[in-house]
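There are 2 protein chains.
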Amino acid sequence: MATNRRVLLKSRPQGEPTLDNFEVVEAPLPEPKEGEYLSRTIWLSLDPYMRGRMSEARGYASNVNLGDPMVGGTVGQVVKSRNGRFKEGDFVVEASGWQSHAVSDGGMSMKLDPAQAPLSAALSVLGMPGMTAWWGLMQIGKPKAGETVAVSAASGAVGSVVGQLAKLHGCRVVGIAGGKDKCDYVVNELGFDACVDYRAAGANLFSELRAAAPKGIDVYFENVGGAVQAAVLPQLNDFARVPLCGLISQYNEMQMNPGPDWRLLLVRRITVTGFIVSDHFHQMEGFWKEVPAAVKAGKIKYREDIVQGLENAPQTFIGLLKGKNFGKLLVQVSDDPTRK
Amino acid sequence: MATNRRVLLKSRPQGEPTLDNFEVVEAPLPEPKEGEYLSRTIWLSLDPYMRGRMSEARGYASNVNLGDPMVGGTVGQVVKSRNGRFKEGDFVVEASGWQSHAVSDGGMSMKLDPAQAPLSAALSVLGMPGMTAWWGLMQIGKPKAGETVAVSAASGAVGSVVGQLAKLHGCRVVGIAGGKDKCDYVVNELGFDACVDYRAAGANLFSELRAAAPKGIDVYFENVGGAVQAAVLPQLNDFARVPLCGLISQYNEMQMNPGPDWRLLLVRRITVTGFIVSDHFHQMEGFWKEVPAAVKAGKIKYREDIVQGLENAPQTFIGLLKGKNFGKLLVQVSDDPTRK
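Top to bottom, those sequences are chains U and P. Going by the working numbering, the first sequence opens with residue -13, and the numbers climb by one from there. Going by the working numbering, the second sequence opens with residue -13, and the numbers climb by one from there.
Fair warning: there could be bad hints in the mix.
It does not matter which identical chain is used: a pair holds within one copy or between any two.
[To be verified] With a Cα cut of at most 20 angstroms, we get these calculated SDA-like pairs of lysine to any residue: (1) Lys73 - Leu52; (2) Lys282 - Gly272; (3) Lys66 - Ala280; (4) Lys287 - Gly313; (5) Lys128 - Gly309; (6) Lys128 - Arg255; (7) Lys166 - Ser67; (8) Lys153 - Val57; (9) Lys66 - Ala197.
Keep in mind that the hints were calculated from the coordinates and are not lab data. Keep in mind the model is a prediction, meaning the values are calculated, not measured.
From just these sequences and the hints, can you work out the full model?
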């Protein structure tokens, strides 16, 4: 393989992204300099935050420049190394973005041991989405046994871990997801107490939620915003906590969306905290203590939604923003030799 | 004085309260039973939260029933006692509401020593408003030296203490108030670094705030909501804290008001926390350690806006909701023998 296949940001989306916003190109394979290594990408993670990086609007991180490859977390294998820490054949979790190969100085890379967990888990339950779930729930939501935790995008990479963690900590857990399959999955496979299908519920979303959370909601882990948020917020109890992780239903909106009346936050003494997991990567002792062991023991399960081929990343990402995936969305860019 | 003058809630306001919502009546003087005392009200505190108590809508506390006296914090003097803890002549801070006399079992009353501070201070800087300021700023806002703190309703009973406390803790303090007199007062008398007159600023509110807080805002102590909030929020820095204390500009609104787009809270990792000081009366060690000494030393100043006569309470309260007061609003219901 003599070339580097890359997906570039060609133009900024107006509202919903389209295929025209991306361009797939072939570039010469980069050469590692002294202190660098070259890796081939095996797994590319697709995540909702990437929509923000496509915009010019002020976001949490530097946005992608036009003509640059899209950013993203990846798992790769070192194919050539001039860095003493990484040798040929090593597996690494890194942030190579939407491309088949990348050169790195290894500063942000971490080696993976395939005997410990499947390589791809480093992009889901044992990686950024899992840490996001743990930080938001445990450090912001601070659930107490017996409380009710609601989570939107419940079958997703983050929401599924939120709900299972909350169950492990003795809470009643109500998921909100789009479609019967997703709802059945979080209840039957993941052990949530209930799940409301917001698509089927339509105008009954509020009352279906009320039935699923008869004692009100103490922690609402917010991934979606919009109509789901509007149905949840009036059901928050006094002193409820809202870890604000994402607002996927609003990411394609061109205009600002009005939020809820703050009188609700005031009279119920609610705390809303926006957070981004990358601020807290250095504070993950509790995550490492709790989550990998729970995954190994089968107490936290996860589901992957795998798409083959880097060239399919743009279409798949557009679907992600509409909730078309079911589980952690991954693009397999090249062969994973550890997976049968 | 053989009768008890009382101001009753006659009807619930639709939007802005009117004089018709209140009724002044004379009732027989109540008799204390065993374990109770009778006090005459000297000072009645008027506070924005009372608007919520006039409504049927779910608020933080039980609302006032039609035909009952309006609630409120008071300072009184015991005139007859059948309670061993309180003797005739004692001064007490209590919650007798809008009436000239009240019977109490003393369960929520606290004796006042007029040698320590003026009696009325127990309703402002050393009472509920001062505790509100301290809790919201110190426990929720958590200002660090060098940060910028903005506070709306800056010359009010709460805002004035917030700003002075923040100055004592090494912050840059920007007040927002309505009118030149209030702005001059918080800068020249209270030592705020700057004050923006939102009435004079009009459409320039955003840019005047920017000039007053050139490094952005780290803590916004929210008392007002509405247009002031809309101008402040986009100027919040990453990791800003918003103690949500009041939304006085919205209290008369019949409809819910849309709030800000939560995408702002998300990308800047902002925390908004609604709070009510009465939840925290038992957690005020830090307040008692810091504030009374600072008041005595003249490092925290306060200003009272005194209206004579209980019969003027309704009109004065209506004005409070429009920002007509200047300083802590108090109704003098009867003679204060400690005040020359």
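Against the structure, the hints come out as follows:
1. Lys73 - Leu52: neither (33 angstroms within a copy, 79 angstroms between copies)
2. Lys282 - Gly272: within (16 angstroms within a copy, 46 angstroms between copies)
3. Lys66 - Ala280: The answer is neither: 35 angstroms in one copy and 67 angstroms across copies each exceed 20 angstroms.
4. Lys287 - Gly313: Answer is within; shortest intra-copy Cα gap is 11 angstroms, inter-copy 59 angstroms.
5. Lys128 - Gly309: Classified as neither: same-chain Cα gap 27 angstroms, cross-chain 38 angstroms, threshold 20 angstroms.
6. Lys128 - Arg255: both (15 angstroms within a copy, 17 angstroms between copies)
7. Lys166 - Ser67: Neither, since 48 angstroms and 68 angstroms both go past 20 angstroms.
8. Lys153 - Val57: neither (33 angstroms within a copy, 43 angstroms between copies)
9. Lys66 - Ala197: This pair counts as neither: shortest intra-copy Cα distance 58 angstroms, inter-copy 54 angstroms.
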